[in-house]
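Student: So the chains spell out like this:
Protein chains: 2
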Amino acid sequence: MSQSTLMEKLSWRYATKKMDPEQVVPQDKVDQIVEAVRMAPTSSGTQPFELFVITNPGIRAEIRKVAWDQSPITEGSHLLVFAAWDNYSADRIDAVTAQMTDERGEIPMLNQYYDNLKAKYLPRDETVNHDHAARQAYIALGFALAAAAELGVDSTPMEGFDPAKVDEILGLKDRGLRSVLLLPLGYRQADGDWLLPMKKVRKASETMVTLID
Amino acid sequence: MSQSTLMEKLSWRYATKKMDPEQVVPQDKVDQIVEAVRMAPTSSGTQPFELFVITNPGIRAEIRKVAWDQSPITEGSHLLVFAAWDNYSADRIDAVTAQMTDERGEIPMLNQYYDNLKAKYLPRDETVNHDHAARQAYIALGFALAAAAELGVDSTPMEGFDPAKVDEILGLKDRGLRSVLLLPLGYRQADGDWLLPMKKVRKASETMVTLID
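The listed protein sequences correspond, in order, to chains A and B. To convert, note that position 207 of the first sequence is 207 in the numbering used here; the numbers rise steadily by one, no gaps. To convert, note that position 160 of the second sequence is 160 in the numbering used here; the numbers rise steadily by one, no gaps.
The set of hints was computed from the structure by calculation and includes no laboratory data. One thing to keep in mind: the hints can contain errors.
Pairs involving identical chains hold if they fit within one copy or between any two copies, as the list cannot separate such chains.
[Said to hold, decoys possible] Result set (DSSO-like, lysine-lysine): computed pairs, CA atoms no more than 27 Å apart in a straight line:
1. Lys-173 / Lys-200
2. Lys-165 / Lys-199
3. Lys-203 / Lys-65
4. Lys-203 / Lys-17
5. Lys-118 / Lys-65
6. Lys-165 / Lys-29
7. Lys-199 / Lys-65
8. Lys-29 / Lys-200
9. Lys-120 / Lys-29
10. Lys-29 / Lys-173
11. Lys-18 / Lys-173
12. Lys-173 / Lys-199
13. Lys-17 / Lys-173
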């Protein structure tokens, strides 16, 4: 099987545990990773999350304290925080419809489609809606990880943090957002990372994949 | 900003609405997309989902019926179904630990880490655990979408289906799995897809991204 560059890069990447604090990810690479997040598909095109790109050392130090002291948060040069909508709302969905109409022109059935979506989402429990929004951020995380790997940038996807405290640090509650994922970007410190020399462990295809032909 | 090939491809991709039923995705490309799913990182490395790769026309026709009649399900050559664990269990987590120990040797703290994980997960409500497992599948969806795009393969990520019915068609319940995502693979039928000529709509960076420096 001939492997494309991307496949090699997806195998190269790993959840970096120790980053070199002296190395900074160049702005054009950060821009491309952010662009991958922006390009990620989401359910009904709502893009129900926002992205925070944090270089500020003080803020990152605060976040590290409520994230099990994971060092890449401050050793990397950039910290991405994915923050999903706390809930769907008529205003939020209407803004999506308005932008689509603005950029594509009037499309038959577009308003009907999003009216149906509102009828489905708005009566639902807030936790169900937030969860659905959060899942969309995970697709974008996949895009960010793939883009970073493609660019030779290391990254460390993290769920291990206190979301309420991160929300407080970033003032997310007033913006109707809840933090769901952290992603430090930087470069591996080869001699200090216990995970780097370890074999990448993944389930065998036979365990994970079922063919139905 | 110089764009890498991957960035161009992520912009090229779109949720294909009409696929050419005459075109088949070559096996080596399917293999690479499946490999991207297998390589996707997951929380604590549990890989809490399985992947079904379906070419069988009858099964795909059945699934299409419970998926809003979305035509790429049968027009594409392959249908991927992501099915997340219904719950975490001691057996499932122990299998992860066993494989890691098997492939990496005994690692200090490994058993302690996964004992802590069990203490956290096992008492939780099944829906919370399934939701957490499902989120991991969304990261892998991101990898699959990126890999497909890189290979010039079209795909259509779908949440719009009746999961209970798909579970029934594939016999997932007895395997402790629940379907969470569909992803037909194939090739766009350029003259029959209403979405293809439309401008890709994404929120502006200014709307979606906040810099904290």
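Student: Does each hint hold? Answer for all of them.
Tutor: Verification of the hints:
no., hint, verdict
1, Lys-173 / Lys-200, "neither (38 Å within a copy, 30 Å between copies)"
2, Lys-165 / Lys-199, "neither (34 Å within a copy, 39 Å between copies)"
3, Lys-203 / Lys-65, "neither (33 Å within a copy, 32 Å between copies)"
4, Lys-203 / Lys-17, "within (21 Å within a copy, 32 Å between copies)"
5, Lys-118 / Lys-65, "between (39 Å within a copy, 24 Å between copies)"
6, Lys-165 / Lys-29, "neither (29 Å within a copy, 43 Å between copies)"
7, Lys-199 / Lys-65, "neither (29 Å within a copy, 43 Å between copies)"
8, Lys-29 / Lys-200, "both (25 Å within a copy, 22 Å between copies)"
9, Lys-120 / Lys-29, "neither (39 Å within a copy, 37 Å between copies)"
10, Lys-29 / Lys-173, "neither (30 Å within a copy, 43 Å between copies)"
11, Lys-18 / Lys-173, "neither (31 Å within a copy, 41 Å between copies)"
12, Lys-173 / Lys-199, "neither (40 Å within a copy, 33 Å between copies)"
13, Lys-17 / Lys-173, "neither (30 Å within a copy, 37 Å between copies)"
Consistency note: the structure conflicts with the earlier hints numbered 1, 2, 3, 6, 7, 9, 10, 11, 12 and 13.
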